[in-house]
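Trainee: Each chain is listed here by its residues.
Number of protein chains: 2
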Amino acid sequence: MHHRPFSVTTLGTGAALPARGRYPTAQVVNVHDGLYLVDCGEGTQERLRVAGINFQRINHIFISHLHGDHYLGLMGLISSMHLMGRQSPLHIHGPADLKAIIDIQLRASGTWLRFQMHFHATDPISGTVVLDEPGLTVSLLALRHRLPCTGFLFREKPALRGLRQDRVHEIPQFKRQAVKEGEDLILPNGTHVPNADLTVDPLPARAYAYCSDTAYEPALVPFLSKVDLLYHEATFTEALAARAKETLHSTAAQAARIAASAEVSRLLLGHFSSRYKHADVLLTEALAVFPRSLLSFEGGVFEVGG
Amino acid sequence: MHHRPFSVTTLGTGAALPARGRYPTAQVVNVHDGLYLVDCGEGTQERLRVAGINFQRINHIFISHLHGDHYLGLMGLISSMHLMGRQSPLHIHGPADLKAIIDIQLRASGTWLRFQMHFHATDPISGTVVLDEPGLTVSLLALRHRLPCTGFLFREKPALRGLRQDRVHEIPQFKRQAVKEGEDLILPNGTHVPNADLTVDPLPARAYAYCSDTAYEPALVPFLSKVDLLYHEATFTEALAARAKETLHSTAAQAARIAASAEVSRLLLGHFSSRYKHADVLLTEALAVFPRSLLSFEGGVFEVGG
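Heads up: the sequence lines are chains A and B, in that order.
Numbered according to this note's numbering, the first sequence spans residues 1 to 306.
Numbered according to this note's numbering, the second sequence spans residues 307 to 612.
Derived from the structure by calculation, the hints contain no laboratory data.
Note that this is a predicted model, so its numbers are computed, not measured.
Hints are not guaranteed to be accurate.
[Said to hold, decoys possible] Just a few of them, taken from the derived set where beta-carbon distance is under 8 Å, the chain A residues facing chain B:
#  : residue
1  : PRO18
2  : HIS67
3  : GLY68
4  : LEU83
5  : MET84
6  : GLY85
7  : ILE104
8  : ALA108
9  : GLY110
10 : ASP184
All C-beta atoms, glycine included, are put in the ideal place defined by N, C-alpha and C.
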């Protein structure tokens, strides 16, 4: 069992037009108690409050693209972070134009942020690493949409090997880090102890992939291979496949086909068109293709792996 | 009794920092069933839905100033108007910089609006007429705040005189409009009938003034004289008068002093700082100065005159 948290909270499941109690897209990814915000539709700061998430703990915000339902809550969130006395730096990753949109609004409101805001422009090239932290990398996924659009792949770094409890007393303190990293142990008397006798395999590294908004895009499959949780947009049913194609969105069946091809553990559906009163119809369609499909919902928390 | 509607729906009563179930500032003014939106904080489109107001009926939006809690819901509202097939023109009145903020975001999202959007830049000069419709004028109020900021004065045009039901048969059809407009009647036989014998006074024209955000500003008083309803911000209590002065906001007592000096019929308070769990403390303070004070609340509807 994994003890270090890795989960996704879905704050909104709606598409471009808010309706039916659905909010626009925003997610909080918790990796080892670090909080990462992915997309930030209008009202996200309120949804964070409702979910009981302290937004001052968020240090990185990732914006997929510049359709309003994915970023219009960002200025309000930045403003509230500022007014509530934030001092720690904030990193925003998104399309280059987003910086101009933020800057013009800070200027117009006469706001001088009390914290440092670092903007990192994203180019939609799959595999580009945009964040490299001690336990985590975040890399980009090139989605296919009407605007430049990136998904985000959160991948734990491989953990160190575990020391066997029954052998740990044999390993001198100063050698333990090296053994965890896979080295064999040479005792003072020259005895060679193979690493495999002293350690157990680490827990497998987990991964979460976020793909919204995108047309059906098989080129993503190698990058999504065997992730523990894949969030994939499912705006329409197959009955509206033509509309999906025209607007560069996906059907639930297409999302499920991507999940099946990539052999992911679980598929999480979202970005439901307001025409569907109940998202159940989208789930049914996905389940027929990929049985480990599930629906996101407002405030839902989904474990990654484990 | 007035039969033509004139009312204000307050969608949000919070100040810069949303909290305590309060939403940022937005109001819908209904004048003779025409709907006018005043300010548009984040989430306004959702609040309109909750209030059961069809936002496609709004043709004019007035933005007081460019602090986020007064305009950050505008892009989402414009986007939803567009996605829901709006075709009728939309007029936006606000500080000049707002146009650039809208344009950069429409461009970044690749949105080509299906309806005409007309932008009218406001200069904070009290008395400037920004809208002149058959039954209504809207003019500006120069507020005193950290940014250029305008209030809005909605004033009914004087109605025509009413024809006395017991005399109306004496007035030839083609003369009735002239009599309503105040002319005397000359009968075919030369008899002169004074207008006063044929008509009754029209209902008095009503007025609503919106003042947010502003420091205590006695220069407003002549422009607010005897309005039926004055909305005035009341961000703080007198205990925080220094903070009010520093941030160019008003205390509840200051709002009430303005109301008393202008001899308005009723004072409506709003824009409550998040530090006040209950706005009651602000009402108590205002009532001590001006007895016809009341609190706005989320979704509250307030009649203008009548």
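Trainee: A separate judgement is required for each hint: does it hold in the structure or not?
Mentor: Hints, one by one, checked against the model:
1. PRO18: 6 Å, holds
2. HIS67: With Cβ-Cβ at 5 Å, under 8 Å, it holds.
3. GLY68: 5 Å, holds
4. LEU83: The hint holds - LEU83(A) has a Cβ within 8 Å of chain B, the shortest such distance being about 5 Å.
5. MET84: 7 Å, holds
6. GLY85: Result: violated, 11 Å to nearest chain B Cβ.
7. ILE104: 6 Å, holds
8. ALA108: 4 Å, holds
9. GLY110: 6 Å, holds
10. ASP184: 56 Å, violated
Violated hints, listed in ascending order, are 6, 10; each of the other numbered hints is respected by the structure.
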